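Chemist: Just so you know, the protein sequences line up as chains A and B, in that order. Counted from 1, the first sequence has number 513 at position 393 by the working numbering; the numbering is strictly sequential. Counted from 1, the second sequence has number 287 at position 167 by the working numbering; the numbering is strictly sequential.
Please keep in mind that the hints were generated in silico from the structure rather than gathered at the bench. Since we're looking at a predicted model, the values are computed, not measured. Any given hint might turn out to be false.
As the list makes no split between identical chains, a pair holds if one copy fits it or if it spans any two.
Think about it this way: if two alpha-carbon atoms lie no more than 20 Å apart in a straight line, the pair counts; the simulated SDA-like pairs of lysine to any residue are [to be verified]:
{"#": "1", "residue 1": "Lys-153", "residue 2": "Asp-251"}
{"#": "2", "residue 1": "Lys-411", "residue 2": "Ala-460"}
{"#": "3", "residue 1": "Lys-263", "residue 2": "Gly-286"}
{"#": "4", "residue 1": "Lys-263", "residue 2": "Leu-290"}
{"#": "5", "residue 1": "Lys-411", "residue 2": "Val-551"}
{"#": "6", "residue 1": "Lys-263", "residue 2": "Met-287"}
{"#": "7", "residue 1": "Lys-308", "residue 2": "Phe-329"}
Protein chains: 2
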Amino acid sequence: MNTLEALVRSFAEAHPESAAHALERLDPGEASKVLGELPASVVGPVVERLAPHAAGAILSRFTPEQTRAFLEAMPPKQAAAVLHHVEESKRGEALAGMPEQAARRLQELLKYPPETAGGMMDPQVVSLPIDLTVQEAISLLRKAPRQSLHYLYVTDRDYKLAGVLGMRELLLAAPRDRIEPLVRREIKSVRATMDREEVAALMREHRFFALPVVDADQRLMGIVKHDEVLAAVQEEAFEDLQKMVGAGGDERALAPASVAVKKRLGWLLVNLATAFLASWVISLFEHAIAKVAALAVLMPIVAGQGGNTGAQALAVVIRGLAVREIVPRAVWKILFKELAAGFLNGFAVAIVTAGAVLAWYGKPALAAVIGMAMVVNMMAASLSGAAIPLVLHALGRDPAQSSSIFMTTVTDVVGFAAFLGFALLFMRWLV
Amino acid sequence: MNTLEALVRSFAEAHPESAAHALERLDPGEASKVLGELPASVVGPVVERLAPHAAGAILSRFTPEQTRAFLEAMPPKQAAAVLHHVEESKRGEALAGMPEQAARRLQELLKYPPETAGGMMDPQVVSLPIDLTVQEAISLLRKAPRQSLHYLYVTDRDYKLAGVLGMRELLLAAPRDRIEPLVRREIKSVRATMDREEVAALMREHRFFALPVVDADQRLMGIVKHDEVLAAVQEEAFEDLQKMVGAGGDERALAPASVAVKKRLGWLLVNLATAFLASWVISLFEHAIAKVAALAVLMPIVAGQGGNTGAQALAVVIRGLAVREIVPRAVWKILFKELAAGFLNGFAVAIVTAGAVLAWYGKPALAAVIGMAMVVNMMAASLSGAAIPLVLHALGRDPAQSSSIFMTTVTDVVGFAAFLGFALLFMRWLV
């Protein structure tokens with residue numbers, strides 16, 4: 121091993137998180153070459169800290185033997201997260217060579233997508249049979265891996281989750297006591313299929329730092345810990361931010377430009393199509409614009425103001441849906457509130473705009489036209505900004521996905537149509 | 121007590137979280153009346169689950185005696201969070217009547233704003249002097265409040281943080297052993313002034329579920345727990361989403377329309393001013409538009425496409441800054457990447473746009489003009505979308521705050537100027 125390699129190795133050993141960040145910025149080919157030189161024990165902690173899609177890209181370039189060695193060096197939870205991003209065929213090859221029990225456990229985990237409790241859980245959970253004594257429980261714990269001891273779950277004879285035992289209660293009890301009376305029975309558990317936003321809401325509400333995950337028969341499958349949820353809710357929130365404007369939810373600031381093209385271009389083209397729709401609306405009023413050039417000058421103000429108004433409603437509603445503040449029966453209340461807010465803000469903005477236009481062009485009719493259009497468009501903007509994510513949510517779609525593009529379609533079309541339409545109606549006072 | 125009151129009381133007792141949500145939707149006056157009827161022991165858990173600004177508004181309507189009773193029923197951490205939102209004078213009155221030690225503890229906490237480790241910490245932390253035996257430590261723990269026992273921090277003779285003791289090590293050790301050799305010395309701690317995003321990053325990186333908070337002399341002040349951080353990072357992320365478009369970071373979907381006016385109107389007026397700036401740019405080209413009406417029809421396409429492109433870059437960079445993925449030396453790399461992405465996406469969109477315009481108007485020069493303008497504006501959009509949050513961040517300002525409004529100013533002005541400017545240059549082939 122040369123000096124540089126030794127350096128990389130000691131860096132990766134001491135700072136797996138930073139090493140993971142550094143690797144994500146390399147080309148996957150180069151990154152896999154760097155990792156290929158290092159022993160599996162060093163690579164494991166680094167790979168489990170990579171963004172799963174980066175880890176998948178890197179691992180896809182390994183031989184099945186290498187992949188297997190790395191997967192075995194990782195906790196099953198992280199191994200499954202990485203495998204979700206490795207191609208199906210490569211995945212099968214790697215699993216085929218693993219010890220049967222480990223492979224079965226991974227396959228079990230792979231059934232649950234990463235956005236569910238099952239996908240986030242750690243299957244390495246210690247459970248104590250309920251008929252133990254305190255002494256027996258303690259000697260069982262001596263053999264358990266250290267990191268699995270946050271909560272001590274207790275199971276009954278059918279391996280069903282029976283309750284939880286406090287480390288403190290165990291500490292303070294007499295060795296020959298049975299654990300059964302110490303077990304707290306009222307315990308929250310989550311189904312493996314539960315969505316991660318729901319898990320996060322439950323954790324936040326009850327201030328747990330872990331939740332047991334169970335199958336349909338209440339059998340203990342694993343544990344979801346706070347750090348997984350912490351990472352997940354933050355990711356989710358920023359994914360919403362990015363998806364709202366049609367960037368990919370998982371694009372990272374330091375990804376190469378090619379990723380930014382791949383993730384963004386599709387939605388830019390959708391936006392282009394909607395822009396042409398708005399243009400077509402304008403073209404219907406070409407004669408009016410030819411007569412009064414000021415219309416062309418002023419129309420982007422109405423549309424732009426609508427876009428901003430709509431984006432505000434959009435952001436507030438997307439947040440409300442994500443943190444589960446918005447319950448189904450509140451939907452009408454929110455729509456009404458946004459309509460009212462659109463009217464009030466629209467009225468205030470309309471007065472200022474009309475005043476400025478009067479000062480600029482000295483035409484009261486033009487000021488009135490832009491003022492009326494502003495109120496109409498800001499009401500449409502506020503309403504559609506709230507309605508679009510609510511409708512997407514009701515349809516079972518992602519309420520954030522490109523909602524900003526759909527919303528500006530409404531505000532552009534309504535904005536131009538209202539302004540130019542009112543202008544046409546009052547044309548005789550405008551020329 | 122009548123039936124309705126009994127109902128409210130049992131509801132608030134069983135579901136403090138839901139009760140808090142329900143109260144936030146009431147007028148603060150009504151909410152304080154409802155709470156005023158209930159005993160402090162029931163009110164405490166509800167008030168500590170209110171959004172702090174709502175709790176502040178409600179408590180401001182109580183008498184100092186009532187306020188004091190509620191504050192005393194709450195853990196100091198939550199009491200301080202609520203007090204941050206109560207007027208200075210009311211705050212003083214309530215504190216004046218409290219037992220001296222409790223008042224001093226609260227005043228200490230109030231020094232740290234809620235966005236810092238000190239503002240998020242729980243000062244009720246159990247610490248064990250390092251010279252205890254295992255037996256002595258256990259009997260000390262017997263007296264400690266249950267919820268404070270996640271980690272057992274150990275302090276030396278000057279009350280400085282010396283390390284942490286595992287509950288498991290304590291459980292497995294002999295009663296007469298000294299705890300000193302069991303103490304883990306390498307321990308991460310955070311200063312009370314550390315920003316909450318940094319605390320979250322540390323917690324995520326090291327997978328802790330709590331971090332000890334220390335003062336400048338390494339003396340233990342409290343503990344920041346995962347649930348505080350979980351709530352904080354999610355709040356922060358959605359605040360970014362809302363602030364980006366000029367809605368208030370703390371506006372909630374179910375707040376009344378008046379809040380939406382108060383939080384949004386200011387930025388809408390700023391947006392209006394920038395819209396007039398863009399209009400003024402258009403007005404410089406009025407003659408060109410009067411000659412070629414198609415220019416008015418097509419110009420919003422260029423501006424709108426720029427707005428969408430810029431918003432994508434904005435979202436990706438705001439996320440990168442918030443999760444601390446963007447380090448200072450990566451700034452130039454990101455700007456260059458966004459410029460490249462703007463060029464590539466711009467080129468692709470320009471080709472499609474030019475094709476569509478050629479099909480629509482049959483004028484190759486018009487198609488060329490819009491294509492060129494599109495490339496220029498999408499490069500400007502991508503660059504400014506990345507640069508605006510980076511500059512705000514470098515200036516120590518919030519990178520999300522209304523960045524979308526600043527960005528669309530650039531894309532509107534550049535979009536209109538580029539498109540109409542190129543049109544003027546090539547006017548002889550357009551008419």
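Chemist: Tell me, in ascending order, the numbers of any earlier hints that this structure violates.
Modeler: 1, 2
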